[in-house]
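*Asks:* Please work from the sequences and hints to get the whole structure.
2 protein chains.
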Amino acid sequence: MIKTPQPTAASALSPLCRSIATVSISGTLAEKLAAISAAGFTGVEIFENDLLYFEGSPADVRRMAADHGLAIVLYQPFRDFEGVSAERLARNVERVKRKFEVMHELGADRLLVCSSVAPDAIDNDALAIDQLGQLAQAAAQAGIVTCYEALAWGRNVRTWRHAWKLVDAVNHPNLKLALDSFHTLSLDDTPDAIASIPGNRIGFVQIADAPKMQMDVLEWSRHYRCFPGQGDFALADFTAQVVKSGYQGPLSLEIFNDGFRGAPTAATAADGHRSLLLLEALTHEELAKEKDTTGATLYTPPAAPTHTQWQFLEFAVNADARERVAGLLDKLHFRRAGQHRSKDVTLYRHGSAAIVLNAEPDSFADAFFQRHGLSLCASALRVDDARLALERAAGFGYQPFSGRVGPNERVVPAVQAPDGSLNYFVNEEPGKPTLFEADFALTDVDGPTEVGPITGIDHVSLSLPAGSFDSWVLFLKSVFGLQASAAVLVPDPYGLVRSRALCSVDRGLRVVLNASVDQHTAAAETVRAYHGTGLNHVAFSTGDIFRAVTEFEAAAVPLLRVPANYYDDLEARFAMPTDFLDTLRQHNLLYDRDEKGGEFLHAYTETLDQRFFVELVERRGGYDGYGAPNAAVRLAAQARQRARAAREQAE
Amino acid sequence: MIKTPQPTAASALSPLCRSIATVSISGTLAEKLAAISAAGFTGVEIFENDLLYFEGSPADVRRMAADHGLAIVLYQPFRDFEGVSAERLARNVERVKRKFEVMHELGADRLLVCSSVAPDAIDNDALAIDQLGQLAQAAAQAGIVTCYEALAWGRNVRTWRHAWKLVDAVNHPNLKLALDSFHTLSLDDTPDAIASIPGNRIGFVQIADAPKMQMDVLEWSRHYRCFPGQGDFALADFTAQVVKSGYQGPLSLEIFNDGFRGAPTAATAADGHRSLLLLEALTHEELAKEKDTTGATLYTPPAAPTHTQWQFLEFAVNADARERVAGLLDKLHFRRAGQHRSKDVTLYRHGSAAIVLNAEPDSFADAFFQRHGLSLCASALRVDDARLALERAAGFGYQPFSGRVGPNERVVPAVQAPDGSLNYFVNEEPGKPTLFEADFALTDVDGPTEVGPITGIDHVSLSLPAGSFDSWVLFLKSVFGLQASAAVLVPDPYGLVRSRALCSVDRGLRVVLNASVDQHTAAAETVRAYHGTGLNHVAFSTGDIFRAVTEFEAAAVPLLRVPANYYDDLEARFAMPTDFLDTLRQHNLLYDRDEKGGEFLHAYTETLDQRFFVELVERRGGYDGYGAPNAAVRLAAQARQRARAAREQAE
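Sequence order for the protein chains is D and F.
All residue numbers for the first sequence refer to the working numbering, where the first residue is 598 and numbers rise by one.
All residue numbers for the second sequence refer to the working numbering, where the first residue is 598 and numbers rise by one.
Hints were generated in silico from the structure; no laboratory data involved.
This list has only true hints and no planted wrong ones.
Given that identical chains are not distinguished, each listed pair holds provided it fits within a single copy or across any two copies.
Once the Cα atoms are required to be at most 16 Å apart in a straight line, the calculated EDC-like pairs of lysine to aspartate or glutamate come out as:
1) Lys694 with Asp1166
2) Lys809 with Asp785
3) Lys841 with Asp889
4) Lys696 with Asp1166
5) Lys694 with Glu1168
6) Lys694 with Asp1165
7) Lys696 with Glu1168
8) Lys696 with Asp1165
9) Lys928 with Glu1203
*Replies:* Okay, here's the thing in structure tokens:
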């Protein structure tokens, strides 16, 4: 279907048009433009190489963009303009005029010029001002707005303040300031005074996030940028400054990321768009705190739920798998608490932890089981307002889902997570039947009669294909408002695993994401077993882990064995009473302590179906981590378990 | 099979024992020790975590190592010993005594102590000398030799000179200097005066290479070290200094490499061992140049061939594939030059380029075809002395191969490359029949009657699985003595491709290695098509590329189309006459120019069987590269070709 061509001049843009540079995603130019449009962007930066490699003219690119409803908001074909000899300047002016012609064909009216990086660039502000002035004059004749940006590794100009000083001195309507969050925040430079620049003197704003890294800033920029919300930069602060300046041009993602270059085009573009929405929402919150109203045109979704916790985890099973999972739950002293009123679905409970085993034929769970085998097909999250939570998720572009509902069953709003599993939003209203009461024939209506050692679900840990890691971070941040800790690399005996924990402000919801860097780690094997993303483990919380492991040992729960050397090292690292250490050793318990004295005691079961295992955790004194120093010990023990299983199978 | 336990004390070592740290390879400790022993090492450093995660005692580790004939030459369980308060020192001495006990159990008599990295480490050489003295005294009581090493990111001590100053001042037989090539060469520090240290005061020498990178030295060290010869450090210089000092202890590889952590254990260990052999050989050459004889105990293989060139490329084909390849060769004006005397093998020639198509049933080529389909199953290299070349290759641990030979056929020495393909070594002796004369019924015994535009083989480019990239670098460097240029990242529309060129000193042999970082690049598709390493393309050289492409266009050779925008950009980048540019455009020729004015003109055919293509290259004025700036244009055009083919198949 060919759409009617739209006007593409950037001057026709609405305030804060959302844009992305074509370099940010994979594919041919045609594939990129289609995906960028489908994701919801209205603007695009054409990266010079994408034009160069394209089998058609700049006018063809303009038509193709217009057919997709995209304005070409920027072109950046020029480097090292200023700080040069008079002779070189004359050549540069001639060259830039040729580029202006290309821009006319492209229908782009903004040209980005970065501060010179040439080793011989002359360090003389007066000269730079004069030469940028000549650029502005040439641009005025061509009807182009040039935008001057400080590169963090520029030869002489490295900060936005310096670039602004030059632009301000030139004082010409065809030379404006360009800002890029990466260049400012990578240098730990403050964006604080950006608000004081007149908004109409800012010509363009590029946005990029990045993980904090100790490396050369050029390399960091070229390979590790990511979408807002996926890295560690304080981007809402930065963007609030931009908005307060009165700037009304595009916010444009310019992301150089090695992973994105090989990731699926459409999914990456969609993540880019929702990352801008999330950034706008957070910027709006930032401004609202200051009672500043300049952010009125920013995207504002319903607020993220303030309290979130697991209501239940739902596993897709068949009869065989149900028997194995039910067997483990039984040993962990879960009780069979109810049977679904109309479906082959069983509810197990222990403390506030609830597990649902779904064997209903021809259901979503069934389809999930066909594809992934025994797997976590849905997570139900208890929120303040389920309808608002769904609205928020849908606003960020996640697909709402409606399943088959039987008589008397509650309609539960849900969205699909990046792996296609469901996230239900549940809220219970006073005086009405609970979800479990509505859907299940409960065997213990008034709550548990026995009280076991498990109190609830502490966290859920997922194994992901490497390419979906950042998509999940964005999903959990945007839908649930979770906060992410920095990613860590964990050594498995067969390679490295990237791991990142996210949790809600009140710590009611904790999710750990793992993606293997290498082919043969436990996390990689898990992804293979599930044919995609899958549950790595569920951690149940307990207030008394010694009681819990004692009970579970007696019930023949297969607990993972921890080598004796681990305890010798523990003794060397932490001062602790001998009998305490002995108890840890005796029960294969792992231990960690934080700087404030908070303690973490945890144990693992062996792995079920080569897929997932159960962790038991006791947090003491406000410990807020996940025992990361012990991950390598656990992974080594699991590798031995896998090797043993493989040997037994071979024999 | 259990071997008789060997003495494991390091003092019993022969000079320059070859060792590796267990952290350098993947697997469980048991798997690591088996692989290290099988690779030929006689020493091993036990990394502390490997002991910690092991389900057995230190004495068990000692026995396991001894069963494999391995001495445990070092243990490094201690950090931040010196530069501390008196109270902290007392604790450190107590702790290190416990570690000495573990070392006694392990049978290790060398302890590595790195310079302190603690932010509060006291910067006072006198204090450090005093405290290292106390360490030496404790070590003397335990019969342990402590080795003090400057970490490149140490708090106060960062260079080997500084560490040596402290060790020399302590002046105690139980405190020696430890050297690590990474810590010296990463700082661009010179190893030049190491030779002046008395060799018996050096306690341990660790060796690591690394690619030159602009990044934080700690991160660089922890993730990017590699085996000697795989990186960019001048390690033979460093090692020559060590040897000249009179040091006679282990040379030990301590390689922190993210890729090795996920790579196959045995193959990585084997590469490690041969990388040490190669380093010794190069060090020996270094010393021989100076007429220094201290390197007498170093490994000295037969010299690498001084002149190497392609004799022929041999493709595994069946009847169908032969028809397609022969069709392309025919269009490229290769002539059918001979038929093998006893096998279903045909020879094609054009200029000095020779291609052999092998369809012999039940042969090595047949097995290769079964596994990889149409593929390059062997490369024959013309060398000065084939027997010596084979000896050299076998000495580095590459597998010699003997195939079935018919009557009157020449026995051709060969080794297997890392992908299992063969490398034949051929030398022709005056007055004897050439290989082609011996093996083939030649149709043009006196050489070609017609002279075509192709003069020979310029280079061969391979697509590799990422994990085998560094193995190939080592193979080509050790067997043929090739030199490697720095690796570059090339952007394919669907991801990044790592590429590295190697060539012989006289430029007679050039090989380009490519490994895809991402899943869907052309290089990744090629690896999938071949089920492993495979030919990416063959580049034929010509002295007149305009004549060549004109001829080949007339012969309907399918040449890759280059977008018009490429030529507009070329004009902007290089000053060139309009008619020259027009000729390039007309013939879809790519162009590059080096800083000295050398020129590279090249063109590509479309891809045959979704596997490989042919490049035509003309080098002018000593151009020594491969047109790297044009790789992205070519990859984009190939991506379009693939997409077109996929569309046509779908229709």
